[in-house]
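First to last, the protein sequences are chains S and Y. So for the first sequence, the numbering used here puts the first residue at 1; every next one is plus one. So for the second sequence, the numbering used here puts the first residue at 1; every next one is plus one.
Keep in mind the hints are simulated off the structure, nothing from the lab. Do not rely on the hints blindly, as some may be mistaken.
Footprint (simulated), chain S over chain Y, 3 or more residues, beta carbon under 8 angstroms [claimed, not checked]:
hint : segment
1    : 5–16
2    : 118–130
Quick list of the computed label-pair ranges, beta carbon to beta carbon [stated by the list, open to error]:
hint : chain 1 : residue 1 : chain 2 : residue 2 : range
3    : Y       : Asp-40    : S       : Ala-86    : 48 to 58 angstroms
4    : S       : Ser-18    : Y       : Thr-221   : 56 to 66 angstroms
5    : S       : Arg-163   : Y       : Arg-163   : 49 to 59 angstroms
6    : S       : Ala-86    : Y       : Asp-27    : 53 to 63 angstroms
7    : Y       : Met-250   : S       : Ala-131   : 43 to 53 angstroms
8    : S       : Gly-41    : Y       : Glu-207   : 20 to 30 angstroms
9    : S       : Arg-249   : Y       : Asp-245   : 23 to 33 angstroms
10   : Y       : Arg-163   : S       : Pro-36    : 34 to 44 angstroms
11   : Y       : Asp-22    : S       : Asp-137   : 52 to 62 angstroms
12   : Y       : Gly-41    : S       : Arg-198   : 19 to 29 angstroms
13   : S       : Asp-228   : Y       : Gln-227   : 50 to 60 angstroms
14   : S       : Ala-57    : Y       : Gln-227   : 45 to 55 angstroms
15   : S       : Arg-163   : Y       : Gly-277   : 49 to 59 angstroms
Here the structure is a predicted model, which means the values were calculated and not measured. C-beta atoms are modelled at their ideal positions from N, C-alpha and C, and glycine is treated no differently.
2 protein chains.
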Amino acid sequence: MKVVSTSKSHGGVQGVYSHTSDVCACDMTFAVFVPPQAKDGPLPVLWYLSGLTCTHANVMDKGEYRRLASELGLVIVCPDTSPRGADVPDEKDNWQFGCGAGFYLDATQEPYAKNYRMYSYITEELPAFVAANFPVDMSRQAIFGHSMGGHGALTIALKNPQRYRSCSAFAPIVQPSTANWSRPAFERYLGSDEKSWRAYDATLLIEDGKRFPEFFVDQGTADGFLQDGLRPWLLEEGCRKAGIDLTLRMQEGYDHSYNFISTFMDDHLKWHAGRLG
Amino acid sequence: MKVVSTSKSHGGVQGVYSHTSDVCACDMTFAVFVPPQAKDGPLPVLWYLSGLTCTHANVMDKGEYRRLASELGLVIVCPDTSPRGADVPDEKDNWQFGCGAGFYLDATQEPYAKNYRMYSYITEELPAFVAANFPVDMSRQAIFGHSMGGHGALTIALKNPQRYRSCSAFAPIVQPSTANWSRPAFERYLGSDEKSWRAYDATLLIEDGKRFPEFFVDQGTADGFLQDGLRPWLLEEGCRKAGIDLTLRMQEGYDHSYNFISTFMDDHLKWHAGRLG
């Protein structure tokens with residue numbers, strides 16, 4: 001593990017680290033906040049998955065999670081959103097595909113299958129790496145995220161309900177396989193057989209029988225992606241049919257930015273802390 | 001006034017605006033946070049001056065001031081740190097001079113005297129512009145800042161004690177006219193006669209008889225600029241001799257970054273709010 005930077009914050013340490021990922025076949029960078037309570041033993045860990053165009057840094061800079069994470073004693077891990085590097089295929093001018101747009105899936109199509117394996121990276125390789133290098137109690141994990149990262153959190157929780165005690169999201173893409181801004185990426189990563197897309201689509205996973213006890217979702221009403229890209233009502237309908245307890249809060253006047261996320265960050269941290277014990 | 005962007009945050013509005021500055025002879029950008037209490041009438045205004053290399057955006061993104069400013073009912077104004085633009089003389093590779101390094105002074109030397117007039121901009125032009133365009137009570141103003149902006153806050157308060165009800169700083173440059181990282185800028189903006197530099201140097205202004213009732217300063221002990229650039233003990237000595245009430249907190253292990261600033265932002269906002277009534 002390479003320590004990129006560490007900085008004291010709210011009594012804890014905000015670090016940025018990199019390591020060589022076998023799964024993504026490139027170096028990967030991630031951020032970890034360790035609160036001061038870590039000196040007394042391992043702490044619960046909350047995973048934050050970021051949205052399109054982001055790296056680990058966006059939420060680290062703008063998410064405003066450290067003050068309350070320090071109070072609550074939560075380790076916060078913020079991974080990158082895709083593989084990166086000179087050897088990773090990318091389309092520089094396309095913010096909805098390639099670098100910054102990994103969609104938390106394992107690509108099956110060439111030339112993306114070698115690097116674009118964010119599902120395995122987030123659920124297997126990085127957790128093992130974090131468990132080995134940080135003061136975390138891996139029996140107490142939770143996951144949340146924003147937009148594409150909300151999609152990541154919901155789908156990963158549905159596929160690994162035993163792993164995470166809680167899951168929440170800010171403005172998640174709840175049905176990426178039918179949204180115009182994500183369909184092209186799904187086709188290129190996963191091929192034209194749309195059946196294979198269902199494994200990475202929260203509402204379709206629920207339709208196919210996957211379950212998670214409860215979700216907590218905040219969505220701004222002034223979010224420019226609400227109508228075409230995010231469509232939380234599809235999750236609402238899916239959860240209702242499946243008997244999944246969904247708390248969906250439509251937040252009047254809030255947009256898709258970190259001004260929205262940071263406003264409701266405290267609520268999400270408290271909600272997860274209450275379930276992480 | 002041009003509205004660059006507005007975004008709802010913590011119940012208020014974080015905006016970015018630009019206007020044509022006569023004083024700096026260029027367009028200037030600044031950020032204003034207006035909390036929800038503004039619907040009931042004008043609010044006190046707290047000025048935040050940023051450090052070297054920063055624009056209005058650094059503290060807006062990383063300062064974590066909105067949650068508590070919304071609770072306390074404070075308007076927060078975050079100006080840029082220098083004039084900018086194609087017509088503004090600059091040295092691209094010098095982070096301690098030119099754009100991003102206005103030092104809150106009025107330059108007297110060519111070719112800088114035309115644009116580098118941040119003292120007049122911050123104390124005259126921008127306050128008038130803010131008063132005309134935002135719901136602020138200009139009889140209740142306070143000022144704070146970081147590093148070069150801490151220098152700005154201290155010197156501006158000392159020269160305008162009737163204007164500001166309170167002044168605080170994060171890791172301020174307390175004696176820029178004798179610090180190696182700021183002397184070259186002072187010489188080029190103000191000329192070789194060091195007497196003229198004293199008007200923009202907090203500890204020398206105090207030595208020359210300027211007074212402000214009290215200062216509140218936080219300084220990290222792991223700040224890489226502490227020994228050579230910041231030297232808070234010089235302010236401590238100056239305030240002691242002058243009978244100025246200084247609260248100087250040395251914060252163990254904190255560096256010069258926004259991780260330090262955001263950790264203690266709440267304390268500063270509460271301190272100012274208590275004095276703004």
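Going through the hints against the structure:
no.: 1; hint: 5–16; result: holds (count 6)
no.: 2; hint: 118–130; result: violated (count 0)
no.: 3; hint: Y:Asp-40 to S:Ala-86: 48 to 58 angstroms; result: holds, 56 angstroms
no.: 4; hint: S:Ser-18 to Y:Thr-221: 56 to 66 angstroms; result: violated, 28 angstroms
no.: 5; hint: S:Arg-163 to Y:Arg-163: 49 to 59 angstroms; result: holds, 57 angstroms
no.: 6; hint: S:Ala-86 to Y:Asp-27: 53 to 63 angstroms; result: violated, 38 angstroms
no.: 7; hint: Y:Met-250 to S:Ala-131: 43 to 53 angstroms; result: violated, 36 angstroms
no.: 8; hint: S:Gly-41 to Y:Glu-207: 20 to 30 angstroms; result: violated, 52 angstroms
no.: 9; hint: S:Arg-249 to Y:Asp-245: 23 to 33 angstroms; result: violated, 46 angstroms
no.: 10; hint: Y:Arg-163 to S:Pro-36: 34 to 44 angstroms; result: holds, 39 angstroms
no.: 11; hint: Y:Asp-22 to S:Asp-137: 52 to 62 angstroms; result: holds, 60 angstroms
no.: 12; hint: Y:Gly-41 to S:Arg-198: 19 to 29 angstroms; result: violated, 55 angstroms
no.: 13; hint: S:Asp-228 to Y:Gln-227: 50 to 60 angstroms; result: holds, 55 angstroms
no.: 14; hint: S:Ala-57 to Y:Gln-227: 45 to 55 angstroms; result: violated, 29 angstroms
no.: 15; hint: S:Arg-163 to Y:Gly-277: 49 to 59 angstroms; result: holds, 52 angstroms
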